[in-house]
Amino acid sequence: MKDVLILGIESSCDETAAAVVKNGREVLSNVISSQIDIHTLYGGVVPEIASRKHIERINQVVSGALKEAGVNSSGLDAVAVTYGPGLIGPLLTGVSFAKAYAYALSLPLIGVNHIEGHICAVYIENKELEPAFLCLVVSGGHTHLVRVRDYGEYELIGRTMDDAAGEAFDKIARVIGLGYPGGPKIDMAARDGNPEAVSFPRGHGLSEYDFSFSGLKSAVLNYLNTCEMKGEKIVAADVAASFQKAVVDVLVVNAAKALDNFGDKRFAIAGGVASNSLFRSEVEKECLGRGVDFFVPSPVLCTDNGAMIASAGYYKFIKGEFSSLSLNGVADLELCPG
Amino acid sequence: MTVLSIDSSALPVSCAVISDGRMTAEFTVSIKLTHSETLLPLVDDMLKKCGLSLKDVDALAVSKGPGSFTGLRIGCATVKGLAMALELPVIPVPTLEALAYDIYCTDALIVPMMDARRKNVYAAIYEYKDDGLYELMPQSAVSLDFLLKKVDSYGRKAVFTGDGIYPFEEDLRAALSIPFSVAPPHLSMQRAGAVGALALKLYEKGLYTDAENFRPDYIKPSQAEREKALAEKNGTLRELSAGGHSLYV
Chain A
1 MKDVLILGIE SSCDETAAAV VKNGREVLSN VISSQIDIHT LYGGVVPEIA
51 SRKHIERINQ VVSGALKEAG VNSSGLDAVA VTYGPGLIGP LLTGVSFAKA
101 YAYALSLPLI GVNHIEGHIC AVYIENKELE PAFLCLVVSG GHTHLVRVRD
151 YGEYELIGRT MDDAAGEAFD KIARVIGLGY PGGPKIDMAA RDGNPEAVSF
201 PRGHGLSEYD FSFSGLKSAV LNYLNTCEMK GEKIVAADVA ASFQKAVVDV
251 LVVNAAKALD NFGDKRFAIA GGVASNSLFR SEVEKECLGR GVDFFVPSPV
301 LCTDNGAMIA SAGYYKFIKG EFSSLSLNGV ADLELCPG
Chain B
1 MTVLSIDSSA LPVSCAVISD GRMTAEFTVS IKLTHSETLL PLVDDMLKKC
51 GLSLKDVDAL AVSKGPGSFT GLRIGCATVK GLAMALELPV IPVPTLEALA
101 YDIYCTDALI VPMMDARRKN VYAAIYEYKD DGLYELMPQS AVSLDFLLKK
151 VDSYGRKAVF TGDGIYPFEE DLRAALSIPF SVAPPHLSMQ RAGAVGALAL
201 KLYEKGLYTD AENFRPDYIK PSQAEREKAL AEKNGTLREL SAGGHSLYV
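Which chain is which? The protein sequence lines are A and B, in order. Sequential numbering of the first sequence, starting at 1, is according to our numbering. Sequential numbering of the second sequence, starting at 1, is according to our numbering.
No wet-lab data here; the hints were simulated from the structure. Since the structure is predicted, the reported quantities are computational estimates derived from the model, not experimental observations. One or more hints might be untrue.
[Claimed, not checked] No more than 35 Å apart at the CA atoms, straight line, and that leaves these computed lysine-lysine pairs for DSBU-like: (1) Lys-233(A) to Lys-48(B); (2) Lys-233(B) to Lys-230(A); (3) Lys-230(A) to Lys-319(A); (4) Lys-319(A) to Lys-233(B); (5) Lys-22(A) to Lys-55(B); (6) Lys-233(A) to Lys-233(B); (7) Lys-228(B) to Lys-319(A).
[To be verified] Listing some non-contacts, in silico: residues in chain B with all C-beta distances to chain A over 12 Å: (8) Leu-11; (9) Pro-12; (10) Glu-26; (11) Thr-34; (12) Ser-36; (13) Glu-37; (14) Lys-119; (15) Asn-120; (16) Asp-152; (17) Pro-185; (18) Asp-210; (19) Lys-228.
We put the CB at the ideal spot given by N, CA and C, even for glycine.
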C-alpha cells in the first residue's frame, strides 16, 4: 500500500502545533509553538490572547512542519485538524486555516476530536499496540477513562464530574505561588515535600469510574485559609506533594478498578498530566502487579501536538471518514456522542 | 488581474471575485449563521457558479478589521490558509474604509460605524478628494458620544453607514446639528465587492503582504490586556494575576 502522509494541525488551547505523520505512526515532523510565557503573565490561558497568537503563528508552524518533514504540500494526502473540544476562539483559528489550506490544495479534510488525538499519541511510539485497550486521558481540560474498542471506536467509562485534573493542578499551583503551568511546577515542588503532610480528601463521581476534583481543590484552599488565619507558615512543597498524591490516588483507584473489571491486558495514559512523574509510576505499579502492559507517550507527545492529530487523522483517512467545508469548531465536542 | 475578496468582520459573510476591473460575482449572506460554517462553502459555491477555480485567482483580499474578533479571525485564517497553499499575495483592507467605499463621490462626510456594544463604536471619517477616499479620522474604537461630537464639529453634511446606524439612529438625531442621512440597507453592510474594489487600489500602491506576515487589525487589545494595563497603572496587578485568589499571591 502507498504511504499516507497526513498534516495534523492542533490549536485547541495555548499550543499552536503542526506535524507530518506517515502511515499514522511515523512522525516526520512535530512543531509546537507554545504560548506558556505569555499566559504565565495572566496566571492561566486567556482565550482571546491565545486566539490572536494562533493566527500570528499558524503559517510559520505549518511551513516549519512541512520543511522539517522534507515534504512539500503536493506530497500530502490529507489535512487533519482538531475541531474540539477546547477553547472556541483557538479552535476556530486552526479549523478555518486547515479548511482553506486543504480546499486550496484539493486535499481531503479530516476533523479530529482532541481527546481521540491524545489517545492516538500512544500509537506513535508503540508500533505493536493495537486496540482494544484502556486509556486514561488526563490534561488541563479533560479527565476521561476510555475503553478503546477499535480504531475510532470508543467507550467512555468514566469522566470528571467537575474540574479536569490538570485544571486543579493549575489552580493549586497558582494559590501556593508556584505559577503557571501548574502540572510541571507541582511535580517539581512535590519532590521535596511530604505527601502525607496534609490529609486531603479523595473525591469520586457518582458512577463507579467517575472522578471529582473540585472538593479536593476547595479542601486545599480551606487548608491554606486556615493556616493564614492561624498565622501558620505554609510549606509549599508539602502542600504540593499532598495535593498531588490525592489527585493521583483518585486517578489510580479508578484505573485499577477498570482493569480488574474489564480484564484488559493493556493500559495507556495520555494527555498533559501523563507527564507527571508520580502518576506515571503509580499507574505503572498497578499494571505490573496485574501483568498488564503499560503504555505512556514521551512528554512531547503528551502535551498538545500536531502528530497525535495526524495519527488520529490517518485512522479516519483509511476508513474514508472525511469532513466537509462547513466543519465548525465545537468547544464541548464529545468523544462518544449520544 | 483576478482578486478573490472576503469579508466576515460582522453579521454579513461575503465573498466576491473581481476580474479585469469587473465584478464577476458577489455572494453575501447576512443572517445569524456561523461564519465558520458558511464562509468556505460560499466561496466554493461562487467559484463553481462562475466556472472559476482558485487557480484563476491572482490575489486575495480580506477585510482586516476592525470587527468581531471571532469573525475577523475566521476570515483572516481562511485567507492565510488559501494564500499559503496557493502562494498568493494578501491585500489587507480596512473594514471601515471598504464600508465607506459603498458610498461614492459625495460631497458629504462619510462616517462608517460598527456597533461595538455599550454605546461604543468602531468608526472612521472620510471624504472624497480627487476621486479617492481621504481619511479625516482613521479607524478607531471610540464612544458614540465622542464620534458624534467630532462629526458635528466639521459643520458639514454627513452620511452614516454600517450596522451602527440601526441601534443609534435616535442618538444621531439627538446629538447632531449638521444635516445628515443614513445609507440605505444595500449600502450599509460589509460587502466583499467593496473590499475587492478597494483592494485593487491598495495593490497598485504596493500595499499587500503574504500569508505568513498578514494578520488582522483588531484595533483594540484583548480585555485581559486592557485590564492588565489598567491594573499596572493602578498598582493592583497582584490581585489580578491571582485570578480571584488574591490572598496567596
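Lys-233(A) paired with Lys-48(B) [C-alpha distance capped at 35 Å]: violated (71 Å)
Distance restraint between Lys-228(B) and Lys-319(A), which requires alpha-carbon spacing of 35 Å or less: violated (48 Å)
Hint consistency between Lys-230(A) and Lys-319(A) [alpha-carbon to alpha-carbon, up to 35 Å]: Distance ~62 Å between Lys-230(A) and Lys-319(A) Cα, so the pair is violated.
Outside-interface status for Glu-26(B) - nearest CB in chain A farther than 12 Å: Glu-26(B) clear of chain A: closest Cβ-Cβ about 19 Å, beyond 12 Å.
Reported absence of Ser-36(B) from the contact zone with chain A (all CB gaps over 12 Å): Given that some Cβ of chain A is not farther than 12 Å from that of Ser-36(B), nearest at about 5 Å, it is violated.
Glu-37(B) remote from chain A - nearest C-beta pair above 12 Å: Glu-37(B) is in fact no farther than 12 Å from some Cβ atom of chain A, at 4 Å.
Pro-12(B) remote from chain A - nearest C-beta pair above 12 Å: holds (17 Å)
Hint consistency between Lys-233(A) and Lys-233(B) [alpha-carbon to alpha-carbon, up to 35 Å]: holds (32 Å)
Holds or violated: Lys-233(B) to Lys-230(A), with C-alpha atoms at most 35 Å apart: holds (34 Å)
Proposed proximity, Lys-233(B) with Lys-319(A) (alpha carbon, max 35 Å): violated (57 Å)
Separation of Leu-11(B) from chain A, once the least beta-carbon distance is taken, above 12 Å: Leu-11(B) is indeed farther than 12 Å from all Cβ atoms of chain A, at 17 Å.
Minimum Cβ distance from Asp-210(B) to chain A greater than 12 Å, as the annotation requires: violated (9 Å)
Checked against the numbered hints given earlier, the structure breaks hints 1, 3, 4, 7, 11, 12, 13, 18, 19 and satisfies all the rest.
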